[in-house]
Every structure is written in C-alpha cells, then in structure tokens.
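J.: Turn these sequences into a full structure, and let the hints guide you.
Protein chains: 2
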Amino acid sequence: MEFTAEQRLDDDVLERRFTLGEIPGILWTPASPSEPVPLILLGQPGDLGRMYPRLAARARHTVAEGFAAATIELPGSGERPRSAAAEQARADLRRVLQAGERVGDEIVDRLVLPLVEKAVPECRAALDALLPLPGITGPAGYAGGIISIGVRLALVEPRIAAAVLFAGSYVPRSILEEARRVTVPLHVLLQWDDEGNDRQMALDLFDAFGSKEKTLHANMGGHTGVPAFEADAGNRFFTRHLK
Amino acid sequence: MEFTAEQRLDDDVLERRFTLGEIPGILWTPASPSEPVPLILLGQPGDLGRMYPRLAARARHTVAEGFAAATIELPGSGERPRSAAAEQARADLRRVLQAGERVGDEIVDRLVLPLVEKAVPECRAALDALLPLPGITGPAGYAGGIISIGVRLALVEPRIAAAVLFAGSYVPRSILEEARRVTVPLHVLLQWDDEGNDRQMALDLFDAFGSKEKTLHANMGGHTGVPAFEADAGNRFFTRHLK
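Taken in sequence, the protein lines are chains B and P. Residues in the first sequence are numbered from 269 upward in steps of one, following my numbering. Residues in the second sequence are numbered from 269 upward in steps of one, following my numbering.
Everything labelled a hint here was simulated from the structure, so no lab data went into it. Any given hint could be a false lead.
Put simply, identical chains are the same to the list, so a pair is met inside one copy or across any two.
When the alpha-carbon atoms are kept at most 25 Å apart in a straight line, the in silico SDA-like pairs for lysine to any residue are as follows [stated by the list, open to error]:
no., residue 1, residue 2
1, K480, R322
2, K511, E333
3, K511, E303
4, K480, P382
5, K511, G493
6, K480, E498
7, K511, M488
8, K386, A367
9, K480, T492
10, K511, D360
As the structure is a computational prediction, the values presented were derived from the model and not from experiment.
T.: Following this line, the structure appears as structure tokens:
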C-alpha cells in the first residue's frame with residue numbers, strides 16, 4: 269500500500285489517499301489520535317470520484333465518534349478497468365427495467381456474483397494493509413452497500429465483527445443462502461419506498477440472516493433519502509460492538 | 269388530581285403516586301429540576317402493580333434524558349373495576365387461541381375498541397392535569413402499548429407531538445384506517461419473533477401510518493425481549509421532536 273496524497277478536514281480528520289496495487293482508496297483517521305481506534309470499512313456503489321462528498325461526510329462523522337474509516341474503489345468502477353461482462357450485465361438489466369419486465373435471477377447473478385468474487389478479496393487485502401497501521405486497531409466493521417459484498421465479507425472474514433448493511437433487492441439466491449450462515453451482529457437499513465428495490469425481498473433478506481443480534485431500521489423515502497439521524501444510530505451500533 | 273404518596277428514586281428522580289378521579293397513576297420528574305421538561309405518557313398493558321418494575325426502569329431512563337414521565341392504570345385493570353364485556357372478550361380470545369383457530373375481526377373489535385374508547389379520553393384528562401404542573405411543559409409524547417390506544421391518541425390529541433409505539437397485531441380494522449390519518453412523527457418497535465403477534469400485520473400497520481416521518485426498529489426475540497439499547501433510541505427520537 270502506498271499513500272499518494274493527504275489533507276486535513278476541519279483540523280480534526282486526516283484524509284489520506286492510497287493505492288493498494290491497482291486499487292485506489294481513501295483512509296480517514298483522527299488528526300490527533302490519543303489511542304488506536306477500530307476501523308470501519310465503508311462500502312459504496314462504485315466511482316469514488318462521484319461518491320466522494322457523501323463518503324467524506326460519513327467518514328467525518330465516523331471519525332468524530334472514535335473510529336477510523338476507509339474505502340476502496342470497486343472493481344470496474346471509477347478509474348479502474350471496465351469488465352466487458354459486467355457492462356453487458358448492466359446493459360441487460362437496463363433493457364429489462366425499461367421494458368418493465370421482472371428482473372430474473374440469471375441477470376442478478378451475472379450482475380452481482382462476479383463483483384462479489386472480486387471485491388471481497390480486495391476488502392480483505394485492504395484490512396491486511398490498514399489494520400497494522402499505527403493508530404488503527406481491530407476488530408473492524410463494514411458499513412454500506414453493495415449488500416451482497418457485505419454479506420459475503422461478514423461470512424468469510426473473521427476480522428469483521430459487526431456490519432451496517434443497506435438493504436437492496438438485487439441479491440442473488442446464493443447470497444441469500446450465505447446470509448443464513450452470517451452470525452455477526454447486524455444493523456440493517458431499509459428505505460421503505462426505495463423505487464429501485466423490492467421491499468419484500470429486503471424483508472426476506474433481513475429475516476434470513478443467521479445473526480442472533482440483528483436490527484432493522486426502516487425509514488420513509490427513496491434510495492438516497494436515509495435520514496441524517498441514522499448515521500448516529502450506526503455509530504452507536506459500532507460503539508456497542510467494536511469497543 | 270390528588271397526589272397520594274411520593275418517594276425519591278436514586279436521589280435523581282421524584283416519583284409521585286396520584287389519583288385522577290378513580291384512576292391511579294404515577295408521575296416521575298427530575299428531583300432537582302432546572303427548567304420545565306416535556307412529558308412522556310407511558311403506555312402499558314394494564315396492572316400498574318405488576319408492571320411497576322419495568323415502568324419505573326423506563327421512567328428513570330426517560331427522566332435522566334430530560335423528560336417527565338407518567339402513566340395511568342388502564343380501564344378494567346389493576347385495582348380498577350372489571351368490565352364483564354372485556355372479561356368475556358378475553359375469555360373468547362383465550363378459547364380461540366387454545367383451539368389454534370384464527371383470531372377473527374369480531375373478537376379483536378370487542379377486545380380492543382371499548383378499551384380505546386375509554387382509555388383515550390382518560391389519557392387526555394391526564395394531560396389536562398399533568399401539563400399545567402410546575403416543572404412540566406408541552407408538547408407531550410406517548411410511548412408504549414397498547415398500540416391501538418397510541419394510534420387513536422396520536423390522531424385526536426394535538427398535544428401529542430410524537431409517539432413511540434410497540435407494534436402488536438390485534439389491531440381492529442377501524443384503527444388501521446385511523447392510522448392512515450396519523451401525521452405526527454412515529455418510532456415503531458417490532459419484535460420480529462413475537463409469538464403473540466403477526467409480523468405481517470405489524471408491517472402492514474407501519475405501512476399504513478400517514479406520518480411523513482416514521483421509523484421502524486425491528487429486533488430479534490419475543491414480546492418482552494426489546495433490547496435495552498432501544499430505550500436510548502426512543503429517548504433520542506423524543507429529544508429530536510419535543511425539544
């Protein structure tokens with residue numbers, strides 16, 4: 269891992285850009301750390317450039333509550349090389365949605381599974397690189413989308429001790445089966461009127477998780493309308509489980 | 269209203285028993301108030317004697333967050349005179365449940381509607397008596413069950429500015445219709461595996477509420493298994509809306 273740039277946000281947060289091999293990422297830590305803090309890996313839907321303002325706002329909030337936060341670019345997004353198969357799956361999805369047809373399992377699998385296969389090992393490599401840094405300690409948390417990545421990561425990565433997941437409905441059946449074997453505490457956010465998602469599928473996914481401690485927070489509004497107070501709720505969840 | 273007894277809890281909370289006509293109740297306020305605090309009316313399933321330990325724990329927590337809390341006995345519960353019709357409805361419900369049959373609308377109406385008709389005006393009379401007391405200010409909140417009482421109260425009582433409701437499934441159809449006209453901010457708790465309730469009916473009720481701001485918090489476990497951290501979440505909700 270190589271740090272490529274750094275700046276202060278509000279004097280309190282140190283933001284460092286890095287590359288992990290070909291993968292760009294960002295790390296946010298307290299500017300004046302008093303003791304090592306647990307790391308929250310922030311999931312995002314791809315394209316760090318476009319997502320930066322929302323990610324930086326979340327990271328500021330997370331660091332203010334006594335954590336470090338980091339994110340890496342998704343495979344095939346932002347400045348990373350495109351995958352022809354992923355582009356094809358996205359084009360097929362758009363065609364189905366425009367035709368008003370039901371999105372079939374086959375398209376969902378093609379859309380999501382290769383991404384999960386590639387992104388999850390990259391998240392684990394990021395933990396390998398970030399957790400040993402001075403000022404950062406384990407265990408780690410995962411917060412955000414894409415939910416299928418969060419499910420797989422929570423299942424296979426023992427250093428992830430708790431996760432805040434955003435319920436989305438394009439979840440392959442095989443991931444739903446993996447969800448049954450997830451056991452870490454979960455905090456699941458659902459937007460009740462999310463035009464891009466199927467509410468019943470999201471409720472089914474929440475029901476499927478094997479975790480003894482899981483909480484669903486459903487709020488009104490569409491995909492990007494998660495209320496600001498949910499950031500506090502997520503941080504309090506991580507404080508209960510990572511500190 | 270007449271105060272009949274008082275004691276301190278932990279030095280910080282003043283607990284006063286009162287009677288409002290024939291209705292017994294309890295008021296909890298800060299022992300050393302610095303400024304008037306909003307009132308939270310605590311709903312409960314009936315029998316203050318049996319419910320006292322849980323109510324006192326909730327009230328302590330509520331007062332610590334800068335509120336007053338109060339509760340009154342339900343019609344037909346505790347030391348209040350029984351209603352023959354309500355006893356009959358409860359006996360009919362028990363018989364249906366023991367036979368493993370579906371609980372029909374007719375029994376639910378007989379069980380819940382007379383209680384709502386009587387309890388809601390009593391809650392409003394309690395607000396009349398409590399809100400003018402020194403150290404207490406409006407607006408007020410309602411927290412707890414029975415959910416049909418909370419729905420009606422939130423609909424008809426303008427001094428209730430926000431409500432934390434416990435989703436239960438024996439909700440008459442007419443109350444579901446009233447829920448569509450409720451507009452105050454709501455925070456709804458659902459126990460995902462509540463043996464006494466129907467999850468889908470609870471989700472339908474949440475969906476029905478007309479409020480623009482409503483949040484559902486679903487947690488694992490049965491009816492009495494609401495996690496301790498939900499008390500904090502409820503108080504933060506009231507802090508956002510009553511202060």
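J.: All hints are to be evaluated individually against the structure, with a verdict given for each.
T.: Results for each hint:
Taking identical chains as interchangeable, the C-alpha atoms of K480 and R322 lie at most 25 Å apart only when they sit on different chains, with a minimum of 24 Å there against 31 Å within one chain. Taking CA atoms no more than 25 Å apart as the test, K511 paired with E333 passes in both settings, with 11 Å inside one copy and 23 Å between copies. With identical chains, the CA atoms of K511 and E303 are at most 25 Å apart within one copy only, with a shortest distance of 12 Å there and 35 Å across copies. In this assembly of identical chains, the alpha carbons of K480 and P382 never lie at most 25 Å apart, being 29 Å within a copy and 38 Å across copies at closest.
When the C-alpha separation of K511 and G493 is checked against a cutoff of 25 Å, the pair qualifies only between copies, where the shortest distance is 24 Å, while the shortest distance within a copy is 29 Å. Both within a single protomer and between protomers do K480 and E498 lie at most 25 Å apart by alpha-carbon distance, with minima of 21 Å and 16 Å respectively. In the homo-oligomer, the alpha carbons of K511 and M488 lie at most 25 Å apart only across protomers (22 Å), although the nearest pairing inside one protomer, at 31 Å, exceeds that limit. With identical chains, the CA atoms of K386 and A367 are never at most 25 Å apart, being 30 Å at best within one copy and 54 Å at best between copies.
In this assembly of identical chains, the alpha carbons of K480 and T492 lie at most 25 Å apart only when taken from different copies (16 Å versus 28 Å within one copy). Taking CA atoms no more than 25 Å apart as the test, K511 paired with D360 passes in neither setting, with 44 Å inside one copy and 50 Å between copies.
Violated hints, listed in ascending order, are 4, 8 and 10; each of the other numbered hints is respected by the structure.
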